[in-house]
Amino acid sequence: NAGVMQNPRHLVRRRGQEARLRCSPMKGHSHVYWYRQLPEEGLKFMVYLQKENIIDESGMPKERFSAEFPKEGPSILRIQQVVRGDSAAYFCASSPTIGQGVDEQYFGPGTRLTVT
Amino acid sequence: AQSVSQHNHHVILSEAASLELGCNYSYGGTVNLFWYVQYPGQHLQLLLKYFSGDPLVKGIKGFEAEFIKSKFSFNLRKPSVQWSDTAEYFCAVSGSSNTGKLIFGQGTTLQVKP
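Chains as they are written, first to last, in our numbering: chain B, 1 to 116; chain U, 1001 to 1114.
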């Protein structure tokens, strides 16, 4: 059973370009979480999605950032008009369900975004 | 505000030394607690978790953690570290009644000298 997959692993973008980060959850998992890790900081929650639904986007910046998890295909985190402050590691995690006793999240290797 | 604080940012130990990494949280309501580890070049892996029951939790690779509700703490321990334990360790909390999102501490880098 393959783990959570993220691509690309490294992404370089110039200021003003768009960045698209992809996450394929583990087989059988229908819950996806995105986290961002800025240099010298811990991971910060961004958004939680189920298939075709955004459940909690309380950690997403209000502008330029969007996320989706379509019925078919990977979850996408999209950053429009990137700025240097967007440089970070972006981690995706998936879980089979939520609720007491089954909250374990499995993490992908991350995408390291560098904005030049 | 919900937060997790890890007291030590960088810890250096010799092999066979005992380890204790501090973790305190601020969160209203019932919590689930986790320790994740990230070995060099690898993704985050779950070391152990606490949902309910016995506050002393045993995880993989000889690690354990104790939930002390009165102190809002969930410290990670290992009696004798190995060089292979060199990694970054993250404490995290989620609320039992929320969406499952994790709130992470800043992380502690552990360096074990052979």
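Quick caveat, the hints were computed from the structure, so don't treat them as lab data.
Just to be clear, a hint being listed does not mean it is correct.
Stated by the list, open to error - Derived DSS-like pairs (lysine-lysine); straight-line CA-CA distance at most 25 Å: (1) B:Lys-27 with B:Lys-62; (2) U:Lys-1069 with U:Lys-1058; (3) U:Lys-1049 with B:Lys-44; (4) B:Lys-71 with B:Lys-51; (5) U:Lys-1049 with U:Lys-1071; (6) U:Lys-1049 with B:Lys-27; (7) U:Lys-1058 with U:Lys-1071; (8) B:Lys-44 with B:Lys-62; (9) U:Lys-1113 with B:Lys-62; (10) B:Lys-51 with B:Lys-62; (11) B:Lys-27 with B:Lys-51; (12) U:Lys-1113 with B:Lys-44.
Stated by the list, open to error - Have a look at the derived ranges for each label pair, beta carbon to beta carbon: (13) B:Asn-53 with U:Ser-1014: 43 to 53 Å; (14) B:Pro-70 with U:Ser-1003: 25 to 35 Å; (15) B:Gln-81 with U:Gln-1045: 44 to 54 Å; (16) B:Glu-63 with U:Ser-1003: 39 to 49 Å.
Where a beta carbon is used, it is the ideal one built from N, C-alpha and C, also for glycine.
Here is how each hint holds up against the structure:
Of the supplied pair hints, the one linking Lys-27 of chain B and Lys-62 of chain B is violated, its CA atoms being roughly 31 Å apart against a limit of 25 Å. With a C-alpha separation of about 17 Å, the suggested pair Lys-1069 of chain U and Lys-1058 of chain U falls inside the 25 Å cut-off, and the hint holds. In summary, the hint linking Lys-1049 of chain U to Lys-44 of chain B is supported, as the alpha carbons are separated by about 19 Å, within the 25 Å threshold. Pair hint Lys-71 of chain B plus Lys-51 of chain B holds up; C-alpha atoms about 6 Å apart against a cutoff of 25 Å.
Distance hint between Lys-1049 of chain U and Lys-1071 of chain U is fulfilled; the C-alpha atoms sit about 18 Å from each other, no more than 25 Å. Between Lys-1049 of chain U and Lys-27 of chain B the alpha-carbon distance is near 22 Å, which keeps this suggested pair within the 25 Å criterion. Using a Cα cut-off of 25 Å, the hinted pair Lys-1058 of chain U and Lys-1071 of chain U holds, with the two alpha carbons roughly 20 Å apart. Between Lys-44 of chain B and Lys-62 of chain B, the direct Cα distance comes to roughly 15 Å. Compliance with the 25 Å bound is thereby established for this hinted pair.
Among the hinted pairs, Lys-1113 of chain U with Lys-62 of chain B is inconsistent with the structure: their alpha-carbon atoms are about 44 Å apart, more than 25 Å. Restraint check for Lys-51 of chain B and Lys-62 of chain B: satisfied, since their Cα atoms lie roughly 22 Å apart, inside the 25 Å limit. Pair hint Lys-27 of chain B plus Lys-51 of chain B holds up; C-alpha atoms about 13 Å apart against a cutoff of 25 Å. Of the supplied pair hints, the one linking Lys-1113 of chain U and Lys-44 of chain B is violated, its CA atoms being roughly 30 Å apart against a limit of 25 Å.
The hint said 43 to 53 Å for the Cβ distance between Asn-53 of chain B and Ser-1014 of chain U, and at roughly 50 Å that hint holds. For Pro-70 of chain B paired with Ser-1003 of chain U, a C-beta distance near 33 Å keeps the hint of 25 to 35 Å intact. Taken as a hint, the range 44 to 54 Å is violated for the pair Gln-81 of chain B and Gln-1045 of chain U, whose Cβ atoms sit roughly 35 Å apart. Separated by about 25 Å at the C-beta atoms, Glu-63 of chain B and Ser-1003 of chain U break the suggested range of 39 to 49 Å.
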